[in-house]
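Given next are the chains, with one letter for each unit.
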Amino acid sequence: MRAVRYERAADASAAVAALAGSPHGRYLAGGTNLVDLMKLGVETPDLLVDITRLPHDSIETVEDGALRIGAAVRNSDLAADPVVRARWPVLSQSLLAGASGQLRNAATVGGNLLQRTRCLYFQDVGKPCNKREPGSGCPAREGVHRDLAVLGASPACIATNPSDMAVALAALDAQIHVHGPTGRRTVPLDELYRLPGGHPERDTVLEPGDLITHVELPALPEAVNSAYRKARDRASYSFALASAAAALEVREGTVHRVRLAFGAVAAKPWRAYTAEQRLTAGPATAESFARAVDAELAAAVPLRDNGYKVPLVRNLAVRVLTDLAERSREPR
Amino acid sequence: MSGATSAGASGPTSGPTPGGASGAPALGAPLQRLEGREKVTGAARYAAEYFPPRCVHAWPVPATEAKGRISALHVDRALAEPGVLAVLTHDNAPRLAETEDRTLAVLQSPRVLHRGQHIALVVAETLEAAREGAAAVRAEYTVEPHDVELRADHPGLYVPDEDNGGFDGARSIGDFDTAWASAPVTVDAVYRIPALHNHPMEPHAATAVWDGGRLTVHDSNQGTTAVQRTLAELFGIEAEQVTVIAEHVGGGFGSKGTPRPHVVLAAMAAREVGRPVKLSLPRAQMAAVVGHRAATEQRVRLGARPDGRLTALAHEVVTYRSTLRAFVEQAATATLSMYAVPHARTVHRVVHLDVPSPSWMRAPGECSGMFALESAMDELAAACGVDPVALRVRNEPDTDPDTGRPFSSRHLVECLHEGARRFGWGGRDPRPGVRREGRLLVGTGVAASIYPVFVMPCRAQAVAEPSGRYRVRVNATDIGTGARTVLTQIAARALRVPPERVSVELGCSDLPPASVAGGSSGTASWGWAAELACRTLLRRFEEHEGPLPGDGLTVSVDTSEEVEATGKEHARHAFGAQFAEVTVDVDTGETAVRRLLGVFAAGRVINSRTAHSQFIGAMTMGLSMALMEGSTMDPAFGDHAERDLASYHIAACADVRDIQAHWLEEEDRHLNPMGAKGIGEIGIVGTAAAIANAVHHATGVRVRTLPIHPDKVLSALEEAARRGG
Ligand SMILES: Cc1cc2nc3c(=O)[nH]c(=O)nc-3n(C[C@H](O)[C@H](O)[C@H](O)COP(=O)(O)OP(=O)(O)OC[C@H]3O[C@@H](n4cnc5c(N)ncnc54)[C@H](O)[C@@H]3O)c2cc1C
Ligand code: SF4
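Protein chains in written order, with my numbering: chain A, 13 to 344; chain B, 12 to 736.
Quick caveat, the hints were computed from the structure, so don't treat them as lab data. All figures in this text were calculated on a predicted structure; none of them were measured in a lab. Where is the CB? At the ideal position from N, CA and C, for every residue including glycine. There may be inaccurate statements among the hints.
Facing chain B, according to a computed beta carbon distance under 8 Å, are these residues of chain A, among others [what the hints assert, rightly or not]: (1) R14; (2) Y18; (3) S34; (4) G138; (5) K139; (6) A243; (7) R246; (8) S248; (9) Y249; (10) R316; (11) V322; (12) L324; (13) N327.
From the derived model, a few chain A residues whose C-beta atoms are all more than 10 Å from chain B [unchecked claim]: (14) R80; (15) P94; (16) D136; (17) E154; (18) R206.
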């Protein structure tokens, strides 16, 4: 039997050192995704470095009002944090929209960011899948793809990123702090995930052995007025069919600042830059929101069974923006 | 939450007055589940939680092709895994005797008849080694093209002589075609239900031990007598040499109603390696080997007079069976007993596909068929401008149109009226799509429920012990329904003692043989035997003089004669009515059930607590079927794509907000000594239609294909908006 070594790291350097030289090793956080995939034979690590005891388990406000969130912070704790709820409510809402209470108690920020796609073929080792076995093919394109991507996909892969939290973080310009074998660096969340292109086996730009230590949220005045909306097949414990995260500041009926991201439509949380550009300095009305979102979605390439995602994400985005615009009119 | 209301009673009560001065609680008392504490504290043990000494583990290997023949199986790498003891395949597995259910002929042939069929079994010292070994088995196949898609124009469709349960493949009353041609108002619609999986919480599991020629198995099933007999037959031994135990079962919903392949594999492996073997099916393999509710495509045609009175009805079902097993979902069977209609016809057409074998799933037949019929009735109500409750009342038959027999009792109309009253149906605005609360559309819907009365012959023993305690022995199975508790109540009442003095022994094939926990027949069948045994014992006890012998007094009974003698003169069914209020989000198409209320007439309710759980549990499952459940047949691979509970969605607590079950006190002396009809399944019948009808009332959009997923509703709303300008 393939033996799996297990080590528990005390700090980031020790964790990185432990994994160095083990290309098939994995960091083990809450294990809610990794262990499931191990049982299915999708992940076959020979070394697990347990990082749940790393000292990255706190949420701190740092200079400039930014927030530093340790990668080992549990999803439940982050969602309940009073500062997060007051200043970045979209983040708290996105977390609470995900998974179940039990899963959120176990899941960590780092693990949530790096959870793998829920594409059913990816999870079935009896079937081909380019992401799991490069070059084997992508049966989802002709097969079961109701949940899969309409934006940024490639002939090789149409998987979606399943994280709700990452959609909020994309809208909030989060910075990902990485401690790797060659040192430390920071990656903007929007650049963390890759679109599949010809290499769907690589979800992110991270290199083997890279450890996420923190997530940093810059202070954003508009984030106070932010929200997350997710559409799904059941009221709890299911992944998004589509979702939208937005932050909005309106001054005198005009969009002053806006941030918008879509979930479950691409291999990454889809930051809607085109829409943001069109919206900024324009009227804060439902019609204008709809036009801007449509412009963003012009690039969508729906397949046989996932075309509904285009109107769905559009409606979600318009709804979130409209609600936020209304709220910003009310005196706070 | 629940309550009982008196219905127009149909005759005097049978049997002794419940309760009385004896200390036995009245039938209907909310006795707590006797094993409840054991279950919530984790002390109750399930089939995979027995650890006989030297027990090893087995992990099956599923076929990765849908049809063909195994040309080579490479097991060397698996055998080389440390800890692997054996790899059983069709090459080396012992030969089993023939059985009717060919899904049990495991590892007997190189033929592969569906994807996921077990082609090998790895037995190892540890679970991990077995799983690792299974991953190392490599199969080569001579692949044949597979045919897995259900289509209404499939050339292979035919009308079977018999459906599941022995019902006719086709039935007819009067002359449908002529009546249809001249019907003033018509509804002609096609409804579709995808494949559905039972997915009980406890997976199918068995722990098997051979001791010389004797086999003992802890198995998760709905009836150990049947499993015992089947294992004996397969392994060519006497039934007395096999003991099957199912003390606690974590749900079955029909998928454990017949012996399943896992128990044969476990017993086979234990014999081969000469050690106890434990096999618990991984969830991902269950979808292919334990059965499912077959997908159906159902065309319903209703012809009516302008006032809604039915003149013609046709219910035509297209479905499939596997090439392994002759199971045909009898979806249109209940239809002819529902409404007064002079000209009607039901037809099932089935095609053999290279797919996993369908089997029983909670209310097989009625559940599927009543979604279609009760949706069509709602469409007829709209077409005639008649209130949906009134339409059903207007079509109430005097006698069973199907058999011409009188009903033993039928209180559908009372259920509809009582439900309407409790729900606040009166004054409902029938116009669809006009009630708006912010971004939500709101609507209400109703549907009727029906489930036949089944009862099976059983044996039982009752023992009076010198200590003053009583034991009742009957091989019932408590799959979580509360059977143990209810049988204790029935026995206590018959013995006229408090329930604390009675222990019921069940869940073991060494007990007097009894029928399966299926067809909502358990309480009636086992209860009848228990009741007869207790009454007989009481008589013996009264005749007895002097102190009891050391081993007490024992009587044995068999209800075959009594059971055979009943049910010939009447049509016997339970009825109900379900009401739903839904909201539909106009932006997302998400449907939420705000309120779900059912009123049932199912004979006498024996335990109001466990009965309530059965009703609301089944209604929840119906809600789940309406809005989210579905397995997608993947045409390229020939299997169902959803293989875990993250992708096969069943309702979560957040989906079930306000759910109420009520029942009428129904007297029916044509049933059994308890006067009970079954209650385990009726709650899932009609629920999906009530919800779909409410979605139509909310939105004006008719979703005829389940589940009512947000994308379907959203697309239909967009389409309607486009058409509307
Ligand atoms: C049934 C179910 C439903 C779910 N529904 C949702 C949902 O609706 N929305 C949603 O967003 N999520 C959902 N989830 C997913 C859940 O959010 C993730 O499983 C969880 O966030 C993963 O976190 P973890 O700490 O358990 O990660 P692990 O499983 O421990 O790790 C996941 C991956 O991240 C890597 N990793 C972990 N931490 C680090 C780090 N600090 N640095 C580098 N690599 C790291 C691991 O090596 C592994 O590859 C669901 C999960 C399940 C099982
Ligand atoms: S979409 Fe991507 S993950 Fe899914 S099967 Fe295709 S390659 Fe694999």
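Structure-based check of each hint:
{"no.": "1", "hint": "R14", "in the structure": "holds (7 Å)"}
{"no.": "2", "hint": "Y18", "in the structure": "violated (14 Å)"}
{"no.": "3", "hint": "S34", "in the structure": "violated (20 Å)"}
{"no.": "4", "hint": "G138", "in the structure": "holds (4 Å)"}
{"no.": "5", "hint": "K139", "in the structure": "holds (6 Å)"}
{"no.": "6", "hint": "A243", "in the structure": "holds (4 Å)"}
{"no.": "7", "hint": "R246", "in the structure": "holds (5 Å)"}
{"no.": "8", "hint": "S248", "in the structure": "holds (4 Å)"}
{"no.": "9", "hint": "Y249", "in the structure": "holds (5 Å)"}
{"no.": "10", "hint": "R316", "in the structure": "violated (12 Å)"}
{"no.": "11", "hint": "V322", "in the structure": "violated (10 Å)"}
{"no.": "12", "hint": "L324", "in the structure": "holds (6 Å)"}
{"no.": "13", "hint": "N327", "in the structure": "holds (4 Å)"}
{"no.": "14", "hint": "R80", "in the structure": "holds (32 Å)"}
{"no.": "15", "hint": "P94", "in the structure": "holds (24 Å)"}
{"no.": "16", "hint": "D136", "in the structure": "violated (7 Å)"}
{"no.": "17", "hint": "E154", "in the structure": "violated (7 Å)"}
{"no.": "18", "hint": "R206", "in the structure": "holds (24 Å)"}
Checked against the numbered hints above, the structure violates hints 2, 3, 10, 11, 16 and 17; every other hint is satisfied.
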